[in-house]
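Guided by the hints, dock chain P onto chain L, whose structure is given.
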Amino acid sequence: DVKVTQSSRYLVKRTGEKVFLECVQDMDHENMFWYRQDPGLGLRLIYFSYDVKMKEKGDIPEGYSVSREKKERFSLILESASTNQTSMYLCASSPGGWGTEAFFGQGTRLTVV
Amino acid sequence: AQSVTQLGSHVSVSEGALVLLRCNYSSSVPPYLFWYVQYPNQGLQLLLKYTTGATLVKGINGFEAEFKKSETSFHLTKPSAHMSDAAEYFCAVSARGNTPLVFGKGTRLSVIA
Chain L
1 DVKVTQSSRY LVKRTGEKVF LECVQDMDHE NMFWYRQDPG LGLRLIYFSY DVKMKEKGDI
61 PEGYSVSREK KERFSLILES ASTNQTSMYL CASSPGGWGT EAFFGQGTRL TVV
Chain P
1001 AQSVTQLGSH VSVSEGALVL LRCNYSSSVP PYLFWYVQYP NQGLQLLLKY TTGATLVKGI
1061 NGFEAEFKKS ETSFHLTKPS AHMSDAAEYF CAVSARGNTP LVFGKGTRLS VIA
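Just so you know, the sequences run in chain order L and P.
Following our numbering, the numbering of the first sequence begins with 1 at its first residue and continues without gaps.
Following our numbering, the numbering of the second sequence begins with 1001 at its first residue and continues without gaps.
Same shape as in the complex, but just chain L:
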């Protein structure tokens, strides 16, 4: 089974802190994604990556950055956390190619106070 592991299930951070959300997948997938989930808004794509050291902006990249130094690891960085970044963050990976599904981690519920 594909496993996508997010480093924390719950996280509480203070406004202005630099926050790192880590994600690791164990299936040698090419693609990795970070989504943000908010009630009534569904999942919105923040950033994605098709290869090591490669990144593409999604629909809502403002206030976020990412890092992919190794194929299996994709980190989401909140440069200066704000209360409007309180949300559920979901990491996913996919093998790439046409019509392949994404496999999701358990999610990190981040609260910024």
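Wrong hints could be hidden among the right ones.
Result set (DSS-like, lysine-lysine): computed pairs, CA atoms no more than 30 Å apart in a straight line [unchecked claim]:
{"id": "1", "chain 1": "P", "residue 1": "K1068", "chain 2": "P", "residue 2": "K1049"}
{"id": "2", "chain 1": "L", "residue 1": "K18", "chain 2": "L", "residue 2": "K3"}
{"id": "3", "chain 1": "P", "residue 1": "K1058", "chain 2": "L", "residue 2": "K3"}
{"id": "4", "chain 1": "L", "residue 1": "K13", "chain 2": "P", "residue 2": "K1105"}
{"id": "5", "chain 1": "L", "residue 1": "K71", "chain 2": "L", "residue 2": "K18"}
{"id": "6", "chain 1": "L", "residue 1": "K70", "chain 2": "L", "residue 2": "K53"}
{"id": "7", "chain 1": "L", "residue 1": "K57", "chain 2": "L", "residue 2": "K3"}
{"id": "8", "chain 1": "L", "residue 1": "K13", "chain 2": "L", "residue 2": "K70"}
{"id": "9", "chain 1": "L", "residue 1": "K13", "chain 2": "L", "residue 2": "K3"}
{"id": "10", "chain 1": "L", "residue 1": "K3", "chain 2": "P", "residue 2": "K1049"}
{"id": "11", "chain 1": "L", "residue 1": "K71", "chain 2": "L", "residue 2": "K3"}
{"id": "12", "chain 1": "P", "residue 1": "K1105", "chain 2": "L", "residue 2": "K57"}
{"id": "13", "chain 1": "P", "residue 1": "K1049", "chain 2": "L", "residue 2": "K55"}
{"id": "14", "chain 1": "L", "residue 1": "K3", "chain 2": "P", "residue 2": "K1105"}
{"id": "15", "chain 1": "P", "residue 1": "K1105", "chain 2": "P", "residue 2": "K1058"}
{"id": "16", "chain 1": "L", "residue 1": "K55", "chain 2": "L", "residue 2": "K13"}
{"id": "17", "chain 1": "L", "residue 1": "K53", "chain 2": "L", "residue 2": "K18"}
{"id": "18", "chain 1": "P", "residue 1": "K1069", "chain 2": "P", "residue 2": "K1058"}
{"id": "19", "chain 1": "P", "residue 1": "K1069", "chain 2": "P", "residue 2": "K1049"}
{"id": "20", "chain 1": "P", "residue 1": "K1049", "chain 2": "L", "residue 2": "K57"}
{"id": "21", "chain 1": "L", "residue 1": "K57", "chain 2": "L", "residue 2": "K71"}
{"id": "22", "chain 1": "L", "residue 1": "K18", "chain 2": "P", "residue 2": "K1105"}
{"id": "23", "chain 1": "L", "residue 1": "K18", "chain 2": "L", "residue 2": "K70"}
{"id": "24", "chain 1": "L", "residue 1": "K13", "chain 2": "L", "residue 2": "K71"}
{"id": "25", "chain 1": "P", "residue 1": "K1049", "chain 2": "P", "residue 2": "K1105"}
{"id": "26", "chain 1": "L", "residue 1": "K55", "chain 2": "L", "residue 2": "K71"}
{"id": "27", "chain 1": "L", "residue 1": "K71", "chain 2": "P", "residue 2": "K1049"}
{"id": "28", "chain 1": "L", "residue 1": "K13", "chain 2": "L", "residue 2": "K57"}
{"id": "29", "chain 1": "P", "residue 1": "K1105", "chain 2": "L", "residue 2": "K55"}
{"id": "30", "chain 1": "L", "residue 1": "K55", "chain 2": "L", "residue 2": "K18"}
Keep in mind that the hints were calculated from the coordinates and are not lab data.
Frame of chain L; chain P shown alone:
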């Protein structure tokens, strides 16, 4: 660009009744379509997907969906609801090629005993 509209943010059914969750998509090219389920405080799990071929797709837990190109729809059904089906359901679309999934806003399914 692709988009997904899920009709009804909340659907409530009685145990044993038919489940029907509606999804309409917009895509400039033939789409790949997916349904995911999310249980409370969990990540997303794939229920089923349509790529090519048979338009009636069967998934896990007794769910199925039918791709109707003329109606640009991919509605999810289950003949008889069970209490364990209570969850949030997301429809997603991707275009041909290596593109991220675009999700709808989700439909919360409640099952009443």
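These are the hints, each one checked on the structure:
no., hint, result
1, P:K1068 with P:K1049, "14 Å, holds"
2, L:K18 with L:K3, "27 Å, holds"
3, P:K1058 with L:K3, "24 Å, holds"
4, L:K13 with P:K1105, "27 Å, holds"
5, L:K71 with L:K18, "23 Å, holds"
6, L:K70 with L:K53, "8 Å, holds"
7, L:K57 with L:K3, "24 Å, holds"
8, L:K13 with L:K70, "26 Å, holds"
9, L:K13 with L:K3, "26 Å, holds"
10, L:K3 with P:K1049, "19 Å, holds"
11, L:K71 with L:K3, "14 Å, holds"
12, P:K1105 with L:K57, "20 Å, holds"
13, P:K1049 with L:K55, "26 Å, holds"
14, L:K3 with P:K1105, "25 Å, holds"
15, P:K1105 with P:K1058, "23 Å, holds"
16, L:K55 with L:K13, "25 Å, holds"
17, L:K53 with L:K18, "21 Å, holds"
18, P:K1069 with P:K1058, "17 Å, holds"
19, P:K1069 with P:K1049, "15 Å, holds"
20, P:K1049 with L:K57, "26 Å, holds"
21, L:K57 with L:K71, "18 Å, holds"
22, L:K18 with P:K1105, "29 Å, holds"
23, L:K18 with L:K70, "21 Å, holds"
24, L:K13 with L:K71, "28 Å, holds"
25, P:K1049 with P:K1105, "18 Å, holds"
26, L:K55 with L:K71, "12 Å, holds"
27, L:K71 with P:K1049, "26 Å, holds"
28, L:K13 with L:K57, "24 Å, holds"
29, P:K1105 with L:K55, "25 Å, holds"
30, L:K55 with L:K18, "20 Å, holds"
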